[in-house]
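K.L.:
Protein chains in written order, with the working numbering: chain E, 1 to 379; chain A, 380 to 687.
In short, the hints are calculated from the structure, not lab data.
No incorrect hints appear here.
Just a few of them, taken from the derived set where beta-carbon distance is under 7 Å, the chain E residues facing chain A: (1) Ala60; (2) Leu62; (3) Thr89; (4) Phe91; (5) Ser93; (6) Phe108; (7) Arg112; (8) Arg113.
Even for Gly, the Cβ is constructed at its ideal location relative to N, Cα and C.
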Amino acid sequence: MATNSGFREATGDLRLESVTKAFGDFRAVDDLDLVVPRGSFFALLGPSGCGKTTTLRMVAGLEQPTSGRILIGDTDLTGSRPYERPVNTVFQSYALFPHLTIRDNVAFGPKRRGQKDAMERAEETLRLVEVDHLAARKPAQLSGGQQQRVALARALVNRPEVLLLDEPLGALDLKLRRQLQVELKRIQTEVGLTFIHVTHDQEEAMTMADTVAVMNHGRIEQMGAPADLYDLPRTTFVANFVGRSNLGTGRVVDRDGDHLVAEIQGTKVKVPLARAGVTDGEVTFGVRPEKVRVLRQPPETGGDDVKGIVLDVSFTGVATEYLVRLPSGAVWSCYEQNLDVDPIDLHRGDDVWISWNPAHAFTVPVDEAAAKAAAEATA
Amino acid sequence: MSALAHVGGTSGTTGAGPAGDAPPQERAGRRWLPYLLLLPGGLWLLVFFVVPLLQLFTVSIQSQFPGYPGYYYRDVNFSNYLRALTDFAPQFGRSLLFAALATFFAFALAYPLAYAMAFKAGRWRNIMLIAVIAPFFTSFILRTVAWRQILADDGPVASTLNALHLLPGGRITETAAAVVAGLTYNFLPFMVLPIYASLERADARVIEAGGDLYANGFTTFRTVTLPMSMPGVIAGTLLTFIPAAGDYVNAELLGSDGDKMVGNVIDSQFFRVLGGFPTAAALSFTLMALILAMVFVYIRRFGTEELL
Ligand SMILES: Nc1ncnc2c1ncn2[C@@H]1O[C@H](COP(=O)(O)OP(=O)(O)OP(=O)(O)O)[C@@H](O)[C@H]1O
Ligand SMILES: [Mg+2]
Chain E
1 MATNSGFREA TGDLRLESVT KAFGDFRAVD DLDLVVPRGS FFALLGPSGC GKTTTLRMVA
61 GLEQPTSGRI LIGDTDLTGS RPYERPVNTV FQSYALFPHL TIRDNVAFGP KRRGQKDAME
121 RAEETLRLVE VDHLAARKPA QLSGGQQQRV ALARALVNRP EVLLLDEPLG ALDLKLRRQL
181 QVELKRIQTE VGLTFIHVTH DQEEAMTMAD TVAVMNHGRI EQMGAPADLY DLPRTTFVAN
241 FVGRSNLGTG RVVDRDGDHL VAEIQGTKVK VPLARAGVTD GEVTFGVRPE KVRVLRQPPE
301 TGGDDVKGIV LDVSFTGVAT EYLVRLPSGA VWSCYEQNLD VDPIDLHRGD DVWISWNPAH
361 AFTVPVDEAA AKAAAEATA
Chain A
380 MSALAHVGGT SGTTGAGPAG DAPPQERAGR RWLPYLLLLP GGLWLLVFFV VPLLQLFTVS
440 IQSQFPGYPG YYYRDVNFSN YLRALTDFAP QFGRSLLFAA LATFFAFALA YPLAYAMAFK
500 AGRWRNIMLI AVIAPFFTSF ILRTVAWRQI LADDGPVAST LNALHLLPGG RITETAAAVV
560 AGLTYNFLPF MVLPIYASLE RADARVIEAG GDLYANGFTT FRTVTLPMSM PGVIAGTLLT
620 FIPAAGDYVN AELLGSDGDK MVGNVIDSQF FRVLGGFPTA AALSFTLMAL ILAMVFVYIR
680 RFGTEELL
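Looking at chain E on its own, in the form it has when it is part of the complex (with noise of 0.2 Å):
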């Protein structure tokens, strides 16, 4: 077997420079920027069509970019063939070949770069991902969980530069989806290769990666570590779509030491100066539902408050969660937390008041179309 002539041997992060790729006139990768280290383990986080596949496709080779550069390290693979690139694809549906046998389609990638031990290192990674025993077995005659780790398999044992997992597990129920996302952890620990991991499930990115990119439209709305993503969303749709939150329009009016004052709905509200993505103007002013306490009394010290009344009671266990609606018409949802011997009893039409901690409170721009969406998706 013939190694192919223009294999590119490439090592570093990867980088995408102002990549865009139009269908059209339509942007599905619209100017993307993007640096994932060596070695981590890096989640792109999107909604449905917001242009994850289209993003991996372009980093392995499968579709060429309309403007702007790919690089491994300084090596530039713009423009090169999949073949010619260190990087591996699982695809969303496993694409497994259907007339070879889970060794043999494991095999492949080895074979076709003239490695001797083909077949040992199929194997190998086979015990890896632990379906080494169905070996001799056509794809066909395996569950969806087991083609899943197949497809994981073939591509590792390439050991490729940068390895593209195009929602790997979105096909599986979720008990298997828990186990799989805790393995592929493992795996990643192991191999220590760079993991790129396409998920719309915010939950899968906040617990296995490094680093979480939030795409929309195209776009990276917000990367980071998942706990700061989380703590400091920076955009009305990355406040809504990892995790949820508790928004309100209205204006800045004023400064309190480190801290501005803003308007929302009539109620002085304040935010620390640091955490303030817009600290002029109309602003977006949001905290986290489990940030909010309930109480029966008007608070006697410190935070913004709200008079409400209760809307909805539902208990989920380790957590209850309250929605109240504030006199603006807002609705927030409140999560308390069941520690107490006895729970704070509330029911609907009760009166409360509600109170949060201004240091865990955010500004975002306000983002009329990314509100409309989150309020469509939860109603």
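Given the structure of chain E, go ahead and fit chain A with the ligands onto it with the hints provided.
P.N.:
Just chain A with the ligands, lined up with the frame of chain E:
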């Protein structure tokens, strides 16, 4: 055992169906259903295939009344088979050779066409499909007669080639090449359609996976696309080879006396030679057995899933 190993381990039992748990009445109903569904087709085959076949077989071992040409009596006389094989061996050879050549050429023409239709044609795909099927709207014999005129000595093709001195024999019709060309033309759609269907069904992502796993365009074709289309190739070659081997129209209309195939012999023994009935029947049976044997070997060799 870890939870994950358990997920892998359960698969061993997936083959077992739920049939054992079904209530008895339902099971009885279910058991008859397949036979009921087979009944109309089975009857059809019995009346129009099995009975005539047995009839043909009894004819093939009859003997002739000495001195009364055209009259036979019931017998178990296998010398008809011997005669069929010895007297008409060249025609048998030609049938198989011409059919094999036609199958080969049809494959060579059909695969690129089917490939283009499945992957490259875009919005032209349906028009190409119609173009492939359209010849079926006219009769097989008419089309072959048309070819005879196109290829005739004073027709456009032969006269052009002759003018350019490119035709060594001076003519196209009445040659073996014309017969093979006619067979190739007539059975081409039977090759194109199954190959097209299997290529069209192939998951584009699977073919892309070949490229992703370091196979260049040609290697991907050889190791992924072609094997995935093998069911179509096998169906297409069988659908071409079998009728081509038994065909007599092309040899009759496009070939010379020296290009006759078994089909022509059977035809003339049945309809033109007095006392030829048992020979014709024996020829038919021998041809059928030959084709069956070849198809069997072929499917055993290529029809299994272990293609590579
Ligand atoms: N070949 C194509 N031609 C035209 N439009 C395309 C093509 N491929 C993708 N698109 C469009 O580009 C957008 C992004 O598609 P993409 O497949 O990247 O989405 P995605 O983020 O992977 O979504 P999902 O989560 O549903 O898989 C979609 O609106 C899609 O319709
Ligand atoms: Mg996708």
